[in-house]
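*Asks:* Protein chains in written order, with our numbering: chain A, 1426 to 1857; chain B, 1426 to 1857.
Among the hints, erroneous ones may be present.
Put simply, identical chains are the same to the list, so a pair is met inside one copy or across any two.
[Said to hold, decoys possible] No farther apart than 30 Å at their CA atoms in a straight line, the calculated lysine-lysine pairs in the DSS-like style are these:
id	residue 1	residue 2
1	K1844	K1743
2	K1743	K1821
3	K1739	K1457
4	K1614	K1739
Because the hints were derived from the structure by calculation, they are not lab data.
Source: prediction; values computed, not measured.
Number of protein chains: 2
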Amino acid sequence: MLTYELEYSRTEPLYLQIYEYIRKDMESERIKAGEKLPSKRGLASQLGVIENAYHQLEAEGYIKAVQKKGWFAEKISISQKEREMPKQEFRETEEVKNPPEHMLFPFSVWAKIMREILASDQTRLMTRMPCEGAYELRSAIAEHLWNFRNMQVKPEQIIIGAGTEYLYMLLHLLLGESVFGVEEPGYSKISDIYTGLGLQCIRIPMQMDGINLNVLHNSETEIMHISPSHHFPTGTVTSIGKRYALLGWASEQDNRYIIEDDYDSEFRLSGKPIPSLFSLDVMDKVIYINTFSKTLTPTIRISYMILPFSLLDKFHQKLSRYACTVSNFEQYALVKFIKKGYFEKHLHRMRKYYKDRRNQLFSDMKLYKIFDGSVIMNENAGLHCLVKFQTELSDKALLKEVRKSGFQAAALYEYYHEKPEQDLHILLFYYY
Amino acid sequence: MLTYELEYSRTEPLYLQIYEYIRKDMESERIKAGEKLPSKRGLASQLGVIENAYHQLEAEGYIKAVQKKGWFAEKISISQKEREMPKQEFRETEEVKNPPEHMLFPFSVWAKIMREILASDQTRLMTRMPCEGAYELRSAIAEHLWNFRNMQVKPEQIIIGAGTEYLYMLLHLLLGESVFGVEEPGYSKISDIYTGLGLQCIRIPMQMDGINLNVLHNSETEIMHISPSHHFPTGTVTSIGKRYALLGWASEQDNRYIIEDDYDSEFRLSGKPIPSLFSLDVMDKVIYINTFSKTLTPTIRISYMILPFSLLDKFHQKLSRYACTVSNFEQYALVKFIKKGYFEKHLHRMRKYYKDRRNQLFSDMKLYKIFDGSVIMNENAGLHCLVKFQTELSDKALLKEVRKSGFQAAALYEYYHEKPEQDLHILLFYYY
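Throw the hints in and build the complete structure from the sequences for me.
*Replies:* Below, the structure is given as structure tokens:
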């Protein structure tokens, strides 16, 4: 039986200490794959602490709960029995409304900061900045990522751009005529951009623990675009084993890279955010992308990417003449917004808002018969969850029925490029 | 002998009336190619008026001055004897500093407008806008173009983007895998972007009156990117004959378009701006591009393109899901800046500044022996002119000599992709 010494004096919460102990023991193989973990009760008396730690490890794919049996360590490698997501056929696409970020955005604080910037910083507002963006903003982002996402990044690696779509275009210029891999199902805009740029785009099917690595290995994919911390729309968190396998795949060839799309990591509603793939990468193979348009308001267009050191020289050679697409005004306003703690506060407020909305959604669901026997999946990360229904209805009819009851939902099949042939009975629900 | 009735009561200046009379007579062939025009004295007593009209016609390629002989009508068609620009060989590239726009930019006015926008328009600042940009801004630009550039454009045709580079990328997404033509010599950033996007890029040599149309016709070019009103770096104004021939070339095939890069039309220092190719186009073949980054400050990233009606449907189909890359704040600030007349005022101030700088530059030139016998070319459009030297020096030595005397200059050969084999003895001088 394992015993861990917990330090009450450390600033880290206890559950994080347990989480780290177990993770390290698994990585060093002190705990082996398949090994049963101590029951929560057995390990310590602080039940809540252990629960949190286990849920965190589970979210990251380290351990697995088996009903009535307890917790078991997972293999930290490519799972051989790859479980395909079901496939079916349907055509109707429905747009889901965007979240009302503007209602949550602290406009008066932002306006105050803008006024301060306008009053004091004329010279730097009128000075042309490097293509990567203002150094101050890149420093503020690096610090934020260190505090909030536990990522060690140098400001020099960060590139600012007016929206992630623009950053994808820059990456195309940087990486040239590569073959891109995208997730199936997935966010169709991403493949639309790559194919629009004339690039070959291969769809790699999702499984329960991340993309299908066999398909990836047998494809011509050079650049794999994924969202390992919270896949859209399935909400899948890529397991730790797959994460390492993905990094392994990328390191096999010089021209292979992974684009880690971390689009909603700030909205994890329980537990600590899943560690980024970027922070596991020691081979300089991961390009990390995130945006402020989702966390602030989409009417402010500021996104960023973090390049591995291996691509920095190439970036400067090829793209240093490009002008940064975000105006100085807004870059410096964001610096102040982050540095004064407003961004962190705002995120906290948004998370609380979405958590309340989620809980309300879940109690609303109990009022309708259609939800009887349904299972909620992946409800802790991001701004939506999946619900698997027990129903004879077609997905189309199911969606209609659910919307009739006032829910804002979308059918999972809509996000497949190749529509599944059978009904999935799975809908997406947004927390707004 | 031709006689024209001038109306003193019309709001148009007299020289513009004469200009329009002669232009129409040439287009209707009342004045035929090669015909001698009335001497300035013979036509009317207002010498200055005629002078202005003739210079405008000359700038646009309608007429030509022959020393000691007078003015002659030009052929309004493709010139058969195409005069190639000389070619030579050199390698040294030198960057020329950017103009000090921030010294001229009315920062306090802009800040005042920003404060007003922040104080009053919260809802529209927080409302997601269409990919094309704010309708109000597109209306303001359409009105400005009508007043200032004599262009009839509907706001629906205008697309706002964060810099022209981003707009080129959007055009690539819109037009797909086309073969692009660029001017040689030219602004290397443009061909860099297209080749960076993996597109085939054909260089079409410049002649004294615009690009070589024979080369264009014999090439695979589908999209020709040109700056007919003021070519960089030669300053060439594409003659009216070539303009029509270019439109004719584009109309021959469905997949052909012209991108008209009107990057510095606001800085024409004498005469009315050259009419845009877009406004001559009745076949829906010209895409017009311009930017506010040059006229305001490069730290505000707002550019726009005008699509012909034939491309609007395709744009909405392919690109309507893309987010506009310019923030609402700055779009609405620019609306107010244009509508309140500040933009026009600012342009006027900049033109005066550059005119003064140019005149100062020309008097400075007289002080140095190296300029003896040199000829200034294309000095009325844009922010630079060319000077052809009478010298035995190599271009490299010439540039060094001129810079030693304190001039900010660049050698013309630097802008050739394929460097000329002989010395050109032509340098560029900037008015700042």
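*Asks:* The structure should be examined with respect to each hint, and the outcome stated for every one.
*Replies:* To see whether the hints hold, each was checked on the structure:
no.: 1; hint: K1844 to K1743; in the structure: between (39 Å within a copy, 21 Å between copies)
no.: 2; hint: K1743 to K1821; in the structure: between (48 Å within a copy, 26 Å between copies)
no.: 3; hint: K1739 to K1457; in the structure: neither (42 Å within a copy, 57 Å between copies)
no.: 4; hint: K1614 to K1739; in the structure: both (27 Å within a copy, 17 Å between copies)
Of the numbered hints listed earlier, the single one contradicted by the structure is hint 3.
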